[in-house]
Amino acid sequence: MNTDRTRHWKLTYIGVLVNEAFVILCLWLFSRHFSY
Amino acid sequence: MHWIDWALVIAYLIWVVYDGLKRTKGSEHLEGYLLANRSLPWWAVGLSVMATQLSAITLVGTTGQGYSDGMRFLQFYFGLPIAMIILSVTVVPFFYRARVYTAYEYLEQRFDAKTRLLASLLFLASRGLSCGVIVAAPAVILSIVLGWNLTLTVLAIGLPTAVYTMVGGVQAVTWTDVKQMAVIVFGLFAAVAVLVFSLPPGVSVAQGLHLAGSAGRLRTLDFSFTLKDTYTFWSGILGGLFLMLSYFGCDQSQVQRYLTAKSIDEGRGSLLMSAFVKIPLQALVLITGVLVFVFYLFAPSPMLFNGAHDVELRSGPGAAQFAALEQEFSTAADERRVWAERAVDARRAGDVAAIAETTDRFRAADQAVAGVRRRAVTFVRQTTGDAQYNDVNYVFPTFVTTKMPIGLVGLMIAAIFAAAMSSIAAELNSLATTTVIDLYRRHIKPEATDSHYLQVSRWATGFWGLFACMVAVYASTLGSLIEVVNRFGSFFYGSLLGVFILAIMTRRATGTGAFIGLIAGMAAVASVAFGRPEISFLWHNVVGAVVVVAVGMTISLFGRGGQSAPVQS
Numbered sequence: 001m002n003t004d005r006t007r008h009w010k011l012t013y014i015g016v017l018v019n020e021a022f023v024i025l026c027l028w029l030f031s032r033h034f035s036y
Numbered sequence: 001m002h003w004i005d006w007a008l009v010i011a012y013l014i015w016v017v018y019d020g021l022k023r024t025k026g027s028e029h030l031e032g033y034l035l036a037n038r039s040l041p042w043w044a045v046g047l048s049v050m051a052t053q054l055s056a057i058t059l060v061g062t063t064g065q066g067y068s069d070g071m072r073f074l075q076f077y078f079g080l081p082i083a084m085i086i087l088s089v090t091v092v093p094f095f096y097r098a099r100v101y102t103a104y105e106y107l108e109q110r111f112d113a114k115t116r117l118l119a120s121l122l123f124l125a126s127r128g129l130s131c132g133v134i135v136a137a138p139a140v141i142l143s144i145v146l147g148w149n150l151t152l153t154v155l156a157i158g159l160p161t162a163v164y165t166m167v168g169g170v171q172a173v174t175w176t177d178v179k180q181m182a183v184i185v186f187g188l189f190a191a192v193a194v195l196v197f198s199l200p201p202g203v204s205v206a207q208g209l210h211l212a213g214s215a216g217r218l219r220t221l222d223f224s225f226t227l228k229d230t231y232t233f234w235s236g237i238l239g240g241l242f243l244m245l246s247y248f249g250c251d252q253s254q255v256q257r258y259l260t261a262k263s264i265d266e267g268r269g270s271l272l273m274s275a276f277v278k279i280p281l282q283a284l285v286l287i288t289g290v291l292v293f294v295f296y297l298f299a300p301s302p303m304l305f306n307g308a309h310d311v312e313l314r315s316g317p318g319a320a321q322f323a324a325l326e327q328e329f330s331t332a333a334d335e336r337r338v339w340a341e342r343a344v345d346a347r348r349a350g351d352v353a354a355i356a357e358t359t360d361r362f363r364a365a366d367q368a369v370a371g372v373r374r375r376a377v378t379f380v381r382q383t384t385g386d387a388q389y390n391d392v393n394y395v396f397p398t399f400v401t402t403k404m405p406i407g408l409v410g411l412m413i414a415a416i417f418a419a420a421m422s423s424i425a426a427e428l429n430s431l432a433t434t435t436v437i438d439l440y441r442r443h444i445k446p447e448a449t450d451s452h453y454l455q456v457s458r459w460a461t462g463f464w465g466l467f468a469c470m471v472a473v474y475a476s477t478l479g480s481l482i483e484v485v486n487r488f489g490s491f492f493y494g495s496l497l498g499v500f501i502l503a504i505m506t507r508r509a510t511g512t513g514a515f516i517g518l519i520a521g522m523a524a525v526a527s528v529a530f531g532r533p534e535i536s537f538l539w540h541n542v543v544g545a546v547v548v549v550a551v552g553m554t555i556s557l558f559g560r561g562g563q564s565a566p567v568q569s
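If you're matching them up, the sequences are chains A and B in order.
End of the first sequence = 36 in my numbering, gap-free, step of one.
End of the second sequence = 569 in my numbering, gap-free, step of one.
Isolated chain B (complex conformation) (with noise of 0.2 Å):
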């Protein structure tokens, strides 16, 4: 990496934890610093929520599976925006009239001590670990895309991130989180620019798209309903709208994000804000990954972007077949050149005949390379024993390290950096909340000072911002980032959403009814991911949500535990 790249990356890192060590106003008590005393702006916290979400994880991969697979990955965001009205009526106003911290905190005033516990717990084991998760992602990638050191990776973007989140609180969160926002998305359109300045002469953005529509790339609706496929229309609309409701509305690292709003309706603003942009935003990630595909159409594309095993493929014993394998996709590649440069011309020169033969040799010669990679992928699987081998989460860092021009390539790590930082600040914030608010002031040290319980709150933030980086760097095997994060959350996040189903929507939800419903969703959500492991992980949070109300109903009617509480209006 060029010095100027380096000094970029290192002013980004100054400049964000400067700008967030300085946000501390209101932080000396315990509100301003857990919730900003309820005064931020629904455009910050809009920002915030956006920011949170887009993790580095989500514009590595999903830029990666724009280059191998796609739009179609963008149907997962369908549920979204009516994930989003359906919370900004019912979710938001419950937790603002209830002056909570925490989400949890509500199941204790609606149901009792032991489901708020259950589900602060679930909360902390599986955000603490996928906190992990988020730092190791692009700690890896950079580690080997750039040859740093894994380790030091992992430290610079963990330690900057938990300093200033333990300085500043959640001011310091959100205001970073607008930066770094305009960072990332400033990144991916100077991105845009330079893919789009580097077609060769004479073909044109239109006749690069088509080549992507004609390889498959731009198809983005698929209707067909299957259980078995994530990416379809059914599963984002259906699917995706429980996993959104869950993430947005009893994940405490998005729940904090509109308590610090001013009022319900700047919490309801900034929620409806992702759901106007999220999909375009999503859109322009995914089609940077597809502008990439067209790139490698016409420069010269290593055959595997994730280069961790090279020196053993090509020294080691199974050098001789590594090598054939990369003159077979030289050859594919270059025959996917001349098809690609072939259409082009049909198409220039508006030969219907000639369009629908160079298109269709074309489409063929895309899929024999897509062939060759796939087979190289596993070849690398069985040589290394490295069954985890991931090569999609490798491309644009790859595209922006090689091909992007100095300065820009500082500019995109920093923005990768900032996708990273952001995701990460709001949880370690909202980890802290929870093991403050839900455990240590509920059931350690009940009676304290505010001061006291802003000094644990400061050390938790620094506890979990230390247990992130450990995790991180013990993740570094870990495959398919994307789908690893949405997991860890799958497995108790549908069954959550049911339990504040049953504390928001009905009278007659006792704490028992809500508690053993909990724990029955959570089986049934493991039974399915076990049992049936074709089923799609997007299912998952049906099945929690349905069983948690269905089994919770079913106690609290029937059984004598617990009281009924009056829904609130």
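Here chain A stands alone, though its shape is the one from the complex (with noise of 0.2 Å):
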């Protein structure tokens, strides 16, 4: 029980960073196309 909790919140904060790198990725590619 305590494992699956402990096993839930670290797939969280991996989803919380892969999220964030995503969303920078998403806004460099965004800024690439239409600033030239």
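If you are wondering where the hints come from, they were derived from the structure by calculation, not from laboratory data.
Idealized CB from N, CA, C, for every residue including glycine.
Incorrect hints may have been included.
Claimed, not checked - Below, a list of computed lysine-lysine pairs in the DSBU-like style, where the Cα atoms sit at most 35 Å apart:
hint	chain 1	residue 1	chain 2	residue 2
1	A	Lys10	B	Lys262
2	B	Lys25	B	Lys445
3	B	Lys262	B	Lys445
4	B	Lys228	B	Lys25
5	B	Lys179	B	Lys262
6	A	Lys10	B	Lys22
To be verified - Reference excerpt, derived from the structure (chain A facing chain B, CB under 8 Å, subset only):
hint	residue
7	Thr12
8	Tyr13
9	Val23
10	Leu27
11	Ser31
12	Phe34
From these two lone chains plus the hints, build me the complex, please.
Okay, structure coming up:
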């Protein structure tokens, strides 16, 4: 039970980091596309 | 303003106060009034966390930044998701298990009374003043743009907020925050829709964005490493990380939000909601400002959006020079419009050489327009003696009141009110909590009934509401509002973070070490802020935290005062 909870939160934290990297990548592509 | 817009703003104010007043369930006891009996769901707390952070200053100032400087400001928030993860792992379970009302209460459990007292007094001084600035910011702007009386505008924002916070406590704050957040987001989408549909025939959104991009407004990432620039990737990721750790981990106005959550997991969820949503939401605010820039490429634009000194400038001794500047601006703006139209035509035709040439000419014309605007701002400052004169914060409200259709003007003014009120309510609530729990109950009247403390909490909320309104009336001449509010905090934020790092991460730190470390940290920040003013305020938090931990640990390890305490698991 506790292991499941820990695993759930670990995955959520990884999800936050992946989401941030994805958002920054999208912003970079967006900026790059419209700046030229 | 049309009567329909007036009716919408007044209806919003009545609705929000009514909604706040009926949210009093469970508020007949102190824990219910201050912490909602730790019963709120993660999504409501998460929206309240975001609404508290998104003040009217952020809404109005950030759209202005999008218009004048572009999307660079977004990098400021890059440290936020990482900060939220760190806080979810460390601070949230610690505070929750300690069953505290305030973050500073935990400092006495871990260290001693003097460290708690100093931290809570610093919070009260800093937040009390910044609450006044948060009331003042939209009041000043709305009073200038709409010609309203400043004192009445301050009271229209401050008093309803104080009333529902005073009566309903944290329940009223949280549930009105949820609705205010909806009003803000809806208002932003409405503004974006109006801007998109206001583009001239033949100019698509993509072509408008290409123009904004070629003028540098869409440059989001800047990887240069410099301590002087606030809006770079590294400042955001590192400096921003420390600022967000301090703000969400040590500032009672945010800590109190997630202390109302049902459980540790719900508290974590509320913070991680911001981690997922904050950067896209801030991008929406900035892109609104960028679209205002695109709008004014094709529509007649005022040289200056802040008309506070218009009469003096047009009739005073500098009138001829001001008129010449306006003429120069008009010519430059016309030329920029011509090149914008040619760039659009070239892009539509797919002529690569013409795209390159017209884009270069458009970029040069835009720099000329920006140059005239900069000179005009300097001229106003010199002529009127108003050194804090600011134009950026007036761009969006001017667009809203002069270009948006009837009905949506009222909605957007209500959204600006909502952004202000959601932040003010959380701050009043947290100021009252710290006043009662950390000062009154701890030092003045330790033995009293629950209902007595509840009554004092209500009066403390009312007192801080009046104090904020008074500060707001006198703070009306403050300049760049975003930075003023951040500076208020950054003088002690980082140092306070250092104390919480000592409390949570170390076993050997003592109360005396933390107390002296806190003072040393603030002294170090002050010496950097005044001695090296060119260093961005974002780095002050890093300096403060590092100095507190270094000094605190040194004194704890080699000094003889205080006792070490075990770290909670």
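The hints, checked one at a time:
1. Lys10/A with Lys262/B: holds, 21 Å
2. Lys25/B with Lys445/B: The hint holds at about 27 Å.
3. Lys262/B with Lys445/B: Judged against 35 Å, a Cα distance of about 30 Å means the pair holds.
4. Lys228/B with Lys25/B: violated, 49 Å
5. Lys179/B with Lys262/B: holds, 20 Å
6. Lys10/A with Lys22/B: Violated, because 39 Å separates the two Cα atoms, which is more than 35 Å.
7. Thr12: Holds, because the Cβ-Cβ distance from Thr12/A to chain B comes to roughly 6 Å (cut-off 8 Å).
8. Tyr13: It holds, given that the least Cβ distance between Tyr13/A and chain B is near 5 Å, below 8 Å.
9. Val23: holds, 5 Å
10. Leu27: This interface hint holds because 4 Å falls under the 8 Å limit.
11. Ser31: holds, 5 Å
12. Phe34: holds, 3 Å
Checked against the numbered hints given earlier, the structure breaks hints 4, 6 and satisfies all the rest.
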